[in-house]
Amino acid sequence: GAVVSQHPSRVICKSGTSVKIECRSLDFQATTMFWYRQFPKKSLMLMATSNEGSKATYEQGVEKDKFLINHASLTLSTLTVTSAHPEDSSFYICSAMTGQANTEAFFGQGTRLTVV
Amino acid sequence: GQNIDQPTEMTATEGAIVQINCTYQTSGFNGLFWYQQHAGEAPTFLSYNVLDGLEEKGRFSSFLSRSKGYSYLLLKELQMKDSASYLCAPNDYKLSFGAGTTVTVRA
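First to last, the sequence lines map onto chains S and X. Under the working numbering, the residue at position 91 of the first sequence is numbered 91, and the numbers go up by one with no gaps. Under the working numbering, the residue at position 90 of the second sequence is numbered 90, and the numbers go up by one with no gaps.
In case anyone wonders, no lab produced these hints; they're calculated from the structure. Since we're looking at a predicted model, the values are computed, not measured. Note that beta-carbon positions come from the ideal geometry of N, C-alpha and C, so glycine has one too. Check the hints yourself; a few may be wrong.
[Said to hold, decoys possible] Here are the simulated distance ranges between beta carbons:
#1 K76/X with T80/S: 40 to 46 Å
#2 T80/S with E14/X: 44 to 50 Å
#3 A99/X with K20/S: 25 to 31 Å
So here's chain X without its partners, still in its complex pose (with noise of 0.2 Å):
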């Protein structure tokens, strides 16, 4: 099974780098996938981390330590249009998510 961890909510100013730590506890292991989901809409696809380290693409970056369990999804120079639900998915060979943090990005 799965046991997936993140906090709930976080809330930052434009401008601002906001940090989401994930921990996870999976039987199989292939992989760690971030997601963003805006209310109403499917998720869409932000990172794949295989390999610990960290994978920088604009301003998310992700990292990975598998001996840890534990990624972190950092997002830079906050934009409003980033107030989302940040989705945390380490896949087992079937992809089950996280409750999600909801960042909420204030003026």
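Bound-form chain S, shown alone (with noise of 0.2 Å):
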């Protein structure tokens, strides 16, 4: 099946920096990436979903300015924390999806983001 790959898998950092992740589509064209984020024993909550050159749409109760969302290329999306708070701290995970029809979304690995 198709592969996306989600980098890093774990990342720690301190609070007030930016985390970037990035989730890329090895062997297909992604047009369309959502965001999720999990947090322990909860289900995904869908953030955003990114079309590519376009402006990513967010969900209700997601600050843009603090989840930078950018889908530049069909193979490439990139989510970056910024000005991360413990508060941050959670699973995050995205997934890509060709824009055929009938085709399921693929899961990246997911990053582990801890913020001390």
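If you follow the hints, you should be able to join the two separate chains into one complex; please do so.
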């Protein structure tokens, strides 16, 4: 099946710094990518939907200036957590779809962010 | 917007059958996904229903009724490794997930 690579898998950063998470589709063109956040024992919370070449659509309650999403190419989307604080510590996961009908969304491995 | 409802938890014994129901309300609809997620891992794809009816894939089957806004995932011949969260996700051109159903399989 198709592969989505998410990097880094784990990151620890100091409060106030910014962290960039990359999501790459390795063997297909991802017209749409989704970014999720997941707290322990909770379900995936959709943060935003990004389409290549256009601005991301954020879900209600998600701060656009806090979580910067860039989908500059058909194989790469990035999520930057700006001025991170301990409450931003979470598991972040991306998924990608080709845009073709009846195809699944492929998930990256996830990034465990810890802000200290 | 979306409204997705699944049971929170289910428990069953090895070898048994479990049916996880999902009801949804979405502004648009382009099929419904079921994913499996083990703790600390990314979700893995199980099934995708676009048309009404039952789709069978080995031990897992998924059913969809678009008019009722209803789907279920059927797990047969349960194995211990099937203990996981099962996520229902109607695709209305953005992919949101329900709270998920945690299935615990006991020996």
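Here is how each hint holds up against the structure:
no. : hint                         : result
1   : K76/X with T80/S: 40 to 46 Å : holds (44 Å)
2   : T80/S with E14/X: 44 to 50 Å : holds (45 Å)
3   : A99/X with K20/S: 25 to 31 Å : holds (29 Å)
No hint from the list above goes unmet by this structure.
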